[in-house]
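Which chain is which? The protein sequence lines are B and C, in order.
For the first sequence, the working numbering begins at 1 and goes up steadily by one.
For the second sequence, the working numbering begins at 1 and goes up steadily by one.
Keep in mind that the hints were calculated from the coordinates and are not lab data.
In this text the structure is predicted, and so the values were computed from the model without any measurement.
Don't take each hint at face value.
[As the list claims (entries may be wrong)] Quick list of in silico lysine to any residue cross-link-like pairs, SDA-like style, CA-CA up to 25 Å:
1) K105/C / V153/B
2) K57/B / S98/B
3) K36/C / K117/B
4) K105/C / K6/B
5) K105/C / A13/B
6) K57/B / I19/C
7) K37/B / K57/B
8) K105/C / A245/B
9) K105/C / D283/B
10) K105/C / G338/B
11) K105/C / E119/B
12) K117/B / L98/C
13) K117/B / S102/C
14) K105/C / P266/B
15) K82/B / L226/B
16) K37/B / R12/C
17) K57/B / R16/C
18) K105/C / L257/B
19) K117/B / D34/C
20) K57/B / L26/B
21) K117/B / P104/C
22) K117/B / D100/C
23) K105/C / D251/B
24) K37/B / A13/B
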Amino acid sequence: MSLADKLTAHVAAATGKTVNISKVDLLPGGACQENYKVELRVGDDAAETLVLRADSKGSLPGSLDRAGEARVIGAACAAGVKTPNARWLGRDLTRAGSYAYFLGWVDGEALGRRVVKVEKFAPARALLAEQLAAELAKIHSITPASHPDLFPVGVRPTDRDTRTLDPCRVLLDDLALSLNALSRPRPALELALSWLRAHLPSHSEVTLVHGDFRVGNFMVHEESGLQALLDWEFARWGTPAEDLAWITLRDWRFGRLDLPVGGFSPREPFYAAYERHSGRKVDREELRFWEVLGNVRWAVGSLYQGRRYVEGERDIELIAVAHRATEMEYEALRLLGGPNA
Amino acid sequence: MNDARPALGDPRLAFRALIAGNLARLVAANLAVDEKLETEATQRLQLLLPNQTGDRAALEADLAQLLRQDALDPQAFAAARTALLANLAAQLSVDNPLFDLSAPKESP
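Kindly produce the complete structure, drawing on both the sequences and the hints.
This is the structure in structure tokens:
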């Protein structure tokens, strides 16, 4: 049975209506998932363009499968987050044992380099700090108390008893294990982890975090700015400072090092907007901790991309990403000396 | 690479050719300075670990182990940071000469 036929049967069963699928095209990109552009018509409704998002063969450590993503997206949409809702979750549609769901197609630009550097996106860049801060505040309003069943317990290190969860310690322990499993020791990253262990924030509020909140995961219109947040595969219980710091990592500034928030904004307008929308006070020193941790996390993630190549996934981009871990290592150690070191 | 890429109609293939060309450049650049880089990095590590012997890999493994155990006092920790930053900077000067090693001057 073709993919189009499987999808037709699945959506028909889910909606109780006749379904006509005119196109199913595989889209490029995605480390943990396969995305297809699907054009369909359900019953007498107008024709729609959707994205089918499905589990791929491989997955990255800490990533959700599509069933987990769909749950998070449902919670995010209910909280008013600007992200297309997940519809018609199903299993075995694209491959045996894999989950998949549909999302509304959102027009715009997601490529980070274009959003940050192309002149026609200047109006959007002027809006993004306020818009993204507002979305983060909504994400961080989702807590274990409000959504106790959001993540099945025990699947990932952060999916534990949230009454005792310390997101900092869990992440540091996980990173230490990941580093230890690499074939070659990385003393620079071990030094950064040692510093992080010695400078743990005194208190970490536990909320939902996007987990990969950066330019490249936002759909942006050149005039009106943010259209949607994308890619919830790394969502988990965490602490708000993680998301606030991740977007400021050097590697996500696409060369605009003078504008630390995603290459489009200074820090203070973004932090001030987040404080207004969330009612939280942003601790700048705590953000430095998470910026160091973010660089360590991204360096480790990059090195594991290289490991995937060594273990047989012959995609040359994996080596290129792994080779850049040195940049994140340098940045993590530089930050230990203070923001101006 | 500059000869091959225009002949590749598939943009994805052309992008991969670009990556392959850059990786080849990296290998060549590293081969040209490999010994000097290795010697200087090893010397910095030997200064940190005067009681240890071995090549760079062995010294890095020893240092990594000490750091995992949080076994360095503040002075040794600061010295390790300085040495590791210097080693990383030297590697970056070959891998990505355009990488700015100074702190970004952020807009207020």
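We went through each hint and held it up to the structure:
Annotation: proposed proximity of K105/C to V153/B is violated, straight-line Cα distance about 43 Å (limit 25 Å). In summary, the hint linking K57/B to S98/B is supported, as the alpha carbons are separated by about 8 Å, within the 25 Å threshold. This hinted pair does not check out: K36/C and K117/B have alpha carbons roughly 38 Å apart, beyond 25 Å. Proximity of K105/C to K6/B is assessed by CA-CA distance (about 54 Å); at most 25 Å being required, the pair is judged violated.
Using a Cα cut-off of 25 Å, the hinted pair K105/C and A13/B is violated, with the two alpha carbons roughly 57 Å apart. Distance hint between K57/B and I19/C is fulfilled; the C-alpha atoms sit about 24 Å from each other, no more than 25 Å. At roughly 19 Å between alpha-carbon atoms, K37/B and K57/B fall within 25 Å of each other, so this suggested pair holds. With a CA separation close to 17 Å, the supplied pair K105/C and A245/B stays within the 25 Å bound.
A threshold of 25 Å between alpha carbons decides the hint, and for K105/C with D283/B the separation of about 21 Å falls inside it, so the pair holds. The straight-line distance between the Cα atoms of K105/C and G338/B is roughly 13 Å, inside the 25 Å bound, and the hint therefore holds. Proximity of K105/C to E119/B is assessed by CA-CA distance (about 22 Å); at most 25 Å being required, the pair is judged to hold. The suggested pairing of K117/B with L98/C holds, with an alpha-carbon distance near 18 Å, which does not exceed 25 Å.
At roughly 22 Å between alpha-carbon atoms, K117/B and S102/C fall within 25 Å of each other, so this suggested pair holds. Restraint check: the Cα-Cα separation between K105/C and P266/B comes to about 11 Å, which is no more than 25 Å; the hinted pair holds. Taking the CA atoms of K82/B and L226/B, the gap is near 8 Å; set against the 25 Å cutoff, the hint holds. For the proposed pair K37/B and R12/C, the alpha carbon gap of about 18 Å is at most 25 Å, so the pair holds.
Between K57/B and R16/C the alpha-carbon distance is near 22 Å, which keeps this suggested pair within the 25 Å criterion. Of the pairs offered as hints, the one joining K105/C and L257/B holds, with about 7 Å between alpha carbons and a cut-off of 25 Å not exceeded. A distance of roughly 35 Å separates the Cα atoms of K117/B and D34/C; the hinted pair therefore is violated under the 25 Å criterion. Distance hint between K57/B and L26/B is fulfilled; the C-alpha atoms sit about 15 Å from each other, no more than 25 Å.
Restraint check for K117/B and P104/C: satisfied, since their Cα atoms lie roughly 17 Å apart, inside the 25 Å limit. The hinted pair formed by K117/B and D100/C meets the criterion: a straight-line CA distance of about 19 Å does not exceed 25 Å. A C-alpha spacing of about 15 Å is found between K105/C and D251/B, which places the hinted pair at or below 25 Å, so the restraint holds. Note on K37/B and A13/B: the hinted pairing holds, with a Cα-Cα distance of about 20 Å set against a maximum of 25 Å.
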